[in-house]
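Engineer: Chains as they are written, first to last, in the working numbering: chain S, 1 to 123; chain W, 1 to 123.
One or more hints might be untrue.
All copies of an identical chain are treated as equivalent in the list; a pair is satisfied when it fits inside any one copy or across any two copies.
Using 20 Å as the maximum straight-line C-alpha spacing, the simulated SDA-like pairs for lysine to any residue come out as follows [unchecked claim]: (1) 108 x 97; (2) 108 x 16; (3) 108 x 68; (4) 108 x 75; (5) 108 x 96; (6) 108 x 65; (7) 108 x 94; (8) 108 x 67; (9) 108 x 44; (10) 108 x 43; (11) 108 x 78; (12) 108 x 76; (13) 108 x 89; (14) 108 x 38.
These aren't lab readings, by the way, just hints derived from the structure by calculation.
Note that the coordinates shown come from a computational prediction; the quantities given were computed from them, not determined experimentally.
Protein chains: 2
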Amino acid sequence: MGLPLRKSKVAPPPGCPLSEVLTLLRGAWAPNVIWQLSGEPRRFGELRHDIPRISARVLSARLRELESRGLVTRRVLDTSPPSAEYSLTPLGRELLPAIDALAGVGRKLIAEWETYGRLVRAR
Amino acid sequence: MGLPLRKSKVAPPPGCPLSEVLTLLRGAWAPNVIWQLSGEPRRFGELRHDIPRISARVLSARLRELESRGLVTRRVLDTSPPSAEYSLTPLGRELLPAIDALAGVGRKLIAEWETYGRLVRAR
DNA sequence: GAATGCGGTAACCCGGCGGTTACCGCATTT
DNA sequence: AAATGCGGTAACCGCCGGGTTACCGCATTC
């Protein structure tokens, strides 16, 4: 016989908060950009240089996304040719511990995959 | 004059760990699936029911992904028609604190967006 | 015997994301 | 005068991720 459905006890949506913040990290290169900004402010060209395979198009997109969500500030420098400097806002910095936590799990995942031969094929 | 390039001081890649774990969370509905599994084990139909708009195709894909990475176990129950039960592995459970941290930031983000009228348009 | 519910899988299709290329104005360099 | 570097943007384009639909075998229910 089939089993009766058990109703979920956890809150209906994970709350959008998780999804919201994941949309920010989901775009290509987003984590790398944030990571690069975790230290000193960096200019567009520096970011391009430090994330070698990123395209200007996407870098620009990511930065403007993050800026519009209040995680990153853009400051135009009075140089010529004009250059721009990006840095994390305090709000943006709050992501760092969470990112560290994720990275920690990532390390464990990788270690585990290596010890017990990798069954991983998918993806 | 243009500024001289400053070289990045942070490790070249964020280490793949972050990227690795984000690939797991990046697929549609992945966070919701994990969240639902954070309590008791759940069956396929229950998951479909509790994540109303997910399609069977994607639910199946996410579960097999997570299983192949060692985050989820699948147990076939001896009932008829046969049913399957999914639960988080210990490794999978390690994600939960990190996810909580992200959700925490998510809540702050949302709060902030609401207090200071939302400039958010993108995405 | 037909319909229903279980746990999926296969095929099709469409939109959007991201890579590539070309181009912008401006100031310095050659 | 031409080329270079800065910080981008616009247009084009291909791919694949996810939604939709159809279908599977099996056992119980009507």
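Engineer: At most 20 Å between CA atoms: does that hold for residue 108 and residue 78 within a copy, between copies, both, or neither?
Structural biologist: Cα proximity of residue 108 and residue 78: none, with 45 Å in one copy and 33 Å across.
Engineer: With identical chains, the pair residue 108 and residue 16 could be close in the same copy or across copies; at 20 Å between alpha carbons, which is it: within, between, both, or neither?
Structural biologist: between (27 Å within a copy, 12 Å between copies)
Engineer: If the cut is 20 Å between Cα atoms, do residue 108 and residue 43 qualify within a copy, between copies, both or neither?
Structural biologist: neither (33 Å within a copy, 27 Å between copies)
Engineer: 20 Å Cα cut-off: does residue 108 pair with residue 89 within a copy, between copies, both or neither?
Structural biologist: Intra 30 Å, inter 13 Å, cutoff 20 Å: inter-copy only.
Engineer: For residue 108 vs residue 67, is the C-alpha pair at or below 20 Å within one copy, between two copies, both, or neither?
Structural biologist: Between copies only: 16 Å across chains, 32 Å inside a chain, cut-off 20 Å.
Engineer: Please work out whether the CA atoms of residue 108 and residue 96 approach to 20 Å or closer within one copy, between two copies, in both situations, or in neither?
Structural biologist: both (18 Å within a copy, 14 Å between copies)
Engineer: At most 20 Å between C-alpha atoms: does residue 108 with residue 94 qualify within a copy, between copies, both, or neither?
Structural biologist: Classified as between; 9 Å across copies, 23 Å inside a copy.
Engineer: My question is about residue 108 and residue 76: at a cut-off of 20 Å on alpha-carbon distance, are they close within one copy, between copies, both, or neither?
Structural biologist: Neither, since 40 Å and 27 Å both go past 20 Å.
Engineer: Up to 20 Å between alpha-carbons, please classify residue 108 paired with residue 75: within, between, both or neither.
Structural biologist: neither (38 Å within a copy, 24 Å between copies)
Engineer: At most 20 Å between CA atoms: does that hold for residue 108 and residue 65 within a copy, between copies, both, or neither?
Structural biologist: Between copies, since 17 Å is at most 20 Å while 30 Å is not.
Engineer: Indicate which option fits the pair residue 108, residue 44 if close means a Cα-Cα distance not exceeding 20 Å: within, between, both or neither.
Structural biologist: Classified as neither: same-chain Cα gap 33 Å, cross-chain 28 Å, threshold 20 Å.
Engineer: Could you place residue 108 and residue 97 in one of the four classes (within, between, both, neither) given a Cα distance threshold of 20 Å?
Structural biologist: both (17 Å within a copy, 14 Å between copies)
The earlier numbered hints that this structure contradicts are 4, 9, 10, 11, 12.
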